[in-house]
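Residues per chain, in single letters:
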Amino acid sequence: MKNEQLKQSVGTGSNEPGKYSTLNLGPTHPATHGIFQNVLKMDGEIVVEAEQTIGYIHRAFEKLAEHRPYNQITTITDRLNYCSSPINNLGWIMTVEKLFGIKTPKRVDYLRIILMELARIADHLVCNSVIGVDSGALTGFVYVFQERERIYEIYEEVSGARLTTNMGRIGGFERDFSPTAMKKLKELLDHLPSVLREFEKLLKRNRIFMDRTIGVGPISAERALNYGFTGPNLRAAGVDYDVRVANPYSSYEDFKFDIPIGTQGDTYDRFCVRQEELWQSIQLVKDAMNNLPEGPYHADVPEVYLPPKQLVYSKMESLIWHFKIVMGEINPPVGEVYHAVEGGNGELGFYLISDGGRTPYRLHFRRPGFIYYQAYPEMITGGVLSDAILTMSSMNVIAGELDA
Amino acid sequence: MTGNTEIAQAVRNQAGEGLLKEEVLHDMLTLTVEASKLHEILSFLKDTPSMGYTFLTDLCGVHYPDESLPFAVVYHLHNMRANHRIRIKTYLTAENPAIDTVSDLFSAANWMERETYDFYGITFTGHPNLIRILNVEYLDYFPLRKEYPLEDPTREDKDNRFFGREA
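Residue numbers (numbering that gives the first Met the number 0), protein chains in the order written: chain A, 0 to 403; chain B, 0 to 166.
No lab work stands behind these hints: they were computed from the structure.
Be a bit skeptical, because a hint or two may be false.
[What the hints assert, rightly or not] With a straight-line cut-off of 27 Å between C-alpha atoms, the simulated DSSO-like cross-links for lysine-lysine are:
1) B:Lys45 <-> A:Lys62
2) B:Lys20 <-> A:Lys97
3) A:Lys323 <-> B:Lys145
4) A:Lys182 <-> A:Lys285
5) B:Lys157 <-> A:Lys97
6) A:Lys97 <-> B:Lys36
7) B:Lys157 <-> A:Lys62
Predicted model only: the values in this text are computed from it and were never measured.
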């Protein structure tokens with residue numbers, strides 16, 4: 000209904016002459032980072048009403064997933080939240096492991112934690128520096144991208160890819176971390192803290208930045224919960240919910256880390272919560288590296304984990320497993336599982352129904368961005384247009400995840 | 000209240016015959032309920048202080064074309080205080096896949112119900128704005144239903160003979 004009124008006013012001028020104007024923000028707009036359209040009803044600079052249109056890059060992932068063997072779905076999950084692909088990849092792999100009842104070795108868990116925390120760092124760096132860009136400080140963005148580049152080089156060393164990583168295998172990793180990967184990891188941990196400190200110095204107590212972000216796009220804890228907020232956005236509103244603590248996966252229970260929370264749920268709090276999470280993630284990566292257990296880099300599950308190539312050429316049994324896995328015939332158990340991981344921007348859930356066939360019977364992605372982006376109009380109405388832009392970048396909505 | 004058995008008992012007391020089945024699937028209590036009772040049960044679980052399932056984690060549809068009630072709607076609820084999750088399932092008929100909206104209870108349900116409508120054609124009675132969300136509005140089928148093949152059935156530029164299939 001609202002949409003209809005807005006659409007009408009585009010054609011006929013304004014329904015209340017001289018008072019309101021309609022502004023089409025997007026779908027491609029330099030200030031929105033991704034393909035988002037918002038039809039805003041403006042009273043001068045004030046947003047009176049807003050209506051989002053989504054689905055511009057919908058790629059039918061849930062339908063595709065119903066036609067692919069389990070190990071080929073990992074590549075789909077990359078393309079959800081492409082700022083933190085490893086979390087999606089490993090989250091999906093852990094879902095399948097939960098269905099199969101596979102217990103991974105500690106080394107695998109710790110290596111996964113390293114990768115997932117790196118992904119969180121990359122995600123938060125992008126999001127927080129973009130808040131800087133949208134409030135007029137491009138320097139920080141360019142500066143921290145150097146560190147993101149180091150993280151991408153580690154991905155490249157581990158998986159061979161940078162953005163769509165397709166990382167890990169069901170049961171573990173395709174290979175152990177190379178010495179180069181470890182070296183790059185060390186270099187990152189040497190450089191990142193000082194860069195982060197400078198970045199914080201640039202923005203955190205900067206008067207202009209504080210004036211632009213404090214009280215902008217706030218949401219109360221109660222409304223945030225009702226809207227299904229998770230991740231840093233919920234924590235900024237003051238709810239200490241983190242999947243890593245509530246339902247530990249991949250041995251997160253072995254680690255000690257803090258969950259930062261905000262109080263106002265505004266843009267500044269979201270920024271600060273992410274900033275603190277960056278420090279926590281750095282500590283987690285350090286702890287996981289220092290306590291990295293020795294052992295195999297994959298579980299002993301020949302029915303789903305590809306055998307080494309030399310065995311495929313020399314052993315009949317390995318050749319059979321190889322053939323079956325490559326053809327997607329891995330006989331999953333019948334069942335339903337829901338598995339959630341703490342993604343870069345919230346609880347990323349996988350609801351998987353298996354009927355025992357080669358492909359999932361149904362796979363639903365619980366995409367945090369899709370769920371909390373609903374609250375956007377409520378958060379920006381009554382504010383000015385430039386605050387609306389800032390609110391959107393601080394919510395860390397990723398178009399790929401939003402439209403699945 | 001956090002134990003699976005206590006929750007199931009409380010829902011049974013509330014819904015009576017409306018609770019059709021209870022099972023635990025991979026550690027998660029799964030309750031199958033009558034579609035007509037769904038709103039009542041969800042509002043009971045959300046608004047009763049001793050239950051406390053105030054967070055709607057997920058809502059999605061499933062299609063079982065061979066069943067007598069082919070459409071399922073699945074709700075995942077979370078009691079954050081007690082850190083306990085449950086799953087509520089309900090099944091709908093093929094002729095009239097309609098169910099009461101829960102968007103009055105959870106604002107988060109708004110888009111998730113639109114998405115379910117978009118993909119499965121399940122109608123949510125009382126929804127404020129039940130239109131397609133991810134697909135184009137002039138799409139005349141519901142793409143996640145099992146009868147629709149992965150390839151676009153309306154395409155005419157692909158000759159089946161070239162893909163090793165019967166023409």
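Here's how the hints hold up against the structure:
no. : hint                  : in the structure
1   : B:Lys45 <-> A:Lys62   : 32 Å, violated
2   : B:Lys20 <-> A:Lys97   : 23 Å, holds
3   : A:Lys323 <-> B:Lys145 : 26 Å, holds
4   : A:Lys182 <-> A:Lys285 : 13 Å, holds
5   : B:Lys157 <-> A:Lys97  : 39 Å, violated
6   : A:Lys97 <-> B:Lys36   : 32 Å, violated
7   : B:Lys157 <-> A:Lys62  : 20 Å, holds
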